[in-house]
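Chains as they are written, first to last, in the numbering used here: chain A, 1 to 92; chain B, 1001 to 1598.
No lab work stands behind these hints, which were simulated from the structure alone.
The beta-carbon is built from N, C-alpha and C at its ideal position, and this holds for glycine as well.
Please note that the accuracy of each hint is not assured.
[To be verified] Here are the in silico distance ranges between beta carbons for each label pair:
{"hint": "1", "chain 1": "A", "residue 1": "Asp-36", "chain 2": "B", "residue 2": "Arg-1015", "range": "52 to 58 Å"}
{"hint": "2", "chain 1": "A", "residue 1": "Arg-54", "chain 2": "B", "residue 2": "Thr-1165", "range": "47 to 53 Å"}
{"hint": "3", "chain 1": "A", "residue 1": "Lys-17", "chain 2": "B", "residue 2": "Asp-1507", "range": "50 to 56 Å"}
{"hint": "4", "chain 1": "B", "residue 1": "Glu-1174", "chain 2": "A", "residue 2": "Leu-40", "range": "23 to 29 Å"}
{"hint": "5", "chain 1": "A", "residue 1": "Asp-36", "chain 2": "B", "residue 2": "Pro-1579", "range": "35 to 41 Å"}
{"hint": "6", "chain 1": "A", "residue 1": "Lys-17", "chain 2": "B", "residue 2": "Gly-1256", "range": "23 to 29 Å"}
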Amino acid sequence: MSPPRSISPTLVLSAGKTACRACGHELAPVEASWKDVAVLDERPLGEGGGPMFRTDGGVLLRRFYCPSCGTTLDTETALPGEPFLVDRVDWS
Amino acid sequence: MDPMTFSIIRHRLFRIIDEAVITLKHVSGSAITNEGHDLMVSLYRADGSLLMGGVGFLHHLTSAAEACKSIIRRFEGRIREGDVFLLNDPYTAALHTSDIYLVAPIHFEGELIAWSACFVHVYDIGAMNPGGFSPQSADIFTEGFSSPGIRIVDQGEMVQDVVDTLLNMVRSPEMVMLDLRSMIACNNVARERMQALAAKYGAKTVDAAGSELIAQSETLLRARLKELPDGSWQSRQYLDVNGETATVRLTMTKSGDRLVFDFTGSSEQSRHAINCTKWASLGGLFAPLFPLLCYDITWNEGVIRPVEMVAPEGAIVNCTRPAPVSVATVAAIQSVNNAACATIGKMLAASDRYREQATSVWHANHFAIFKFGRNQKGGQSIGIFTETFAGAGGARSFADGVDIGGEIPNPISRMANVETVEANFPIRYLFRRRMKDSGGPGLWRGGSGGELAVVPHKAPDGGIHYVISGKGDRHPMSDGLAGGFPGAPNKYAWAKARNGGDVEAADTADGDAVSWGVFPLMGKDALYVRWNGGGGYGDPLDRDPERVAADVAGDLVSVEAARDIYGVILGPDGELDVPATQDLRAISRAARLERVVQ
């Protein structure tokens, strides 16, 4: 059996779906946004990162967790209302 | 061409650049050149295309190619042996006016065979603010002397009237002249060594080797791209200036053996000098591309061919004249660089084969602070805090980022000794050290940034002033990768002495915020600066607890961050409490799953 195709260090392609590399949980069809079905932990950066990260910039730290095992799948910083960053690997 | 000759010529080209850089530094008397290594030397073919990219700030490699091509167009039929041309107009090819290009044709037996080009950030360029970064400028017209191309050496003879005109428009003309002489000397060495190479192997052979080298680089990069997965990756960078936030947005698409960097959606050009021109953006995206994708490929025109850039006109990454750009190298260009580093890092990390080449974003936020005023010897000094080049490494898939570890776009960047600064400016350092909790948390921690505080010392005028182009204190810019956190943002504070007493070192970080413009550092006041850490890699809860304990012992991570971010509990003497750590991490993971699924 060949190893799963990699999407990122935390995600793999599994039967046409984006899956958690750590536990194999299938998140979403590969053409869909897996971030929409991950657990989103969005909070002010200073709250998530500690005192060194406290600013008046209103920036948020987004952490996306696997809903099955809780592994952090990705992070991004964003101002409120920003769409998620979209990263896509085309294995077709 | 036989492979031995090819290899000899290839290595000789490397060495020519090395020797030219050494010459540049030996002649220069400027701290930003010698201490900060804010310089670049490269070789170009007769048509101006990049032949051999050198070290220094890599975002100049492609811009200097355009400078050569622009000079070729402007002076067609009038380019002679021994000429040296100056170009520093950002709307022609340069990054900002204070980064002056001197480009020189290299002739052999009467034929133009190549060009050498170099830059330094000159001591001053006559902008409204001293030092070149001019945050108070509202347009290019107030950013100092700017030339789309002018001859300053004519067949070996200095064109003194032209040089005198330039020197008449700058502060500290003697230092600017030294900058020019260092670059002329650098180009002279490059020319003489290239001529010696042509004399030994023949100009046609040298040119054929260059052509083959370019073809080789193109072939190798295209092959590497084919080995990487197709896809697209996004990044965004926030740039804050005086409370305003601009955004650089990037979608990088890799298809087969081609890469497209698309900045559509980035903010419109700013009224502040944080914009950059298209040539600068192109250089900005190549700065991380060279070392991350071409670490074993010669940097030349062949690397450029598979890459395309889309940068909408009028955007912050492709501004139109007369938008101000003097802060570009530490603003939009650096954000382009960061965004490209982030997307290239994601692409590499998506590949099982290339994951170890991936990196989180390194030192993403320069702080350009130029001190100026009368020094303790009675002369006038202008100079940057070279700590801005000290940087911090991004974490990788197998290692922490290097503390105070430099930056991606300049592999040889560094900072001056404290004593060197104190010898040339009437200031005294209260401290300069690594900054606790600044490295982005992760399985692998981002490299720590640093902090410093200075006060006036033996200043004949009671102190000095400084120009600060300090963005990045509202938004982190060193992005993490694969679940890693970003590095902590910058901070700039003016700690004011109260009731005639000294400012306590420990209180300097609590001073009033300063970020943009000209400010005094007088009396017993202090200036505090904190610079960002590198981005982290992976989930902080997966970090080896022993490493966290070592970070706490090394004063790089606080006990609170160890507990709250890494889920690591330490005993009163700093020893690792394994059961408590296991319990806390289990609780933290469970808490994640209790959050509402969207």
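- Hint check against the structure, violated hint numbers in rising order: Hint check: 4 fails alone, others pass.
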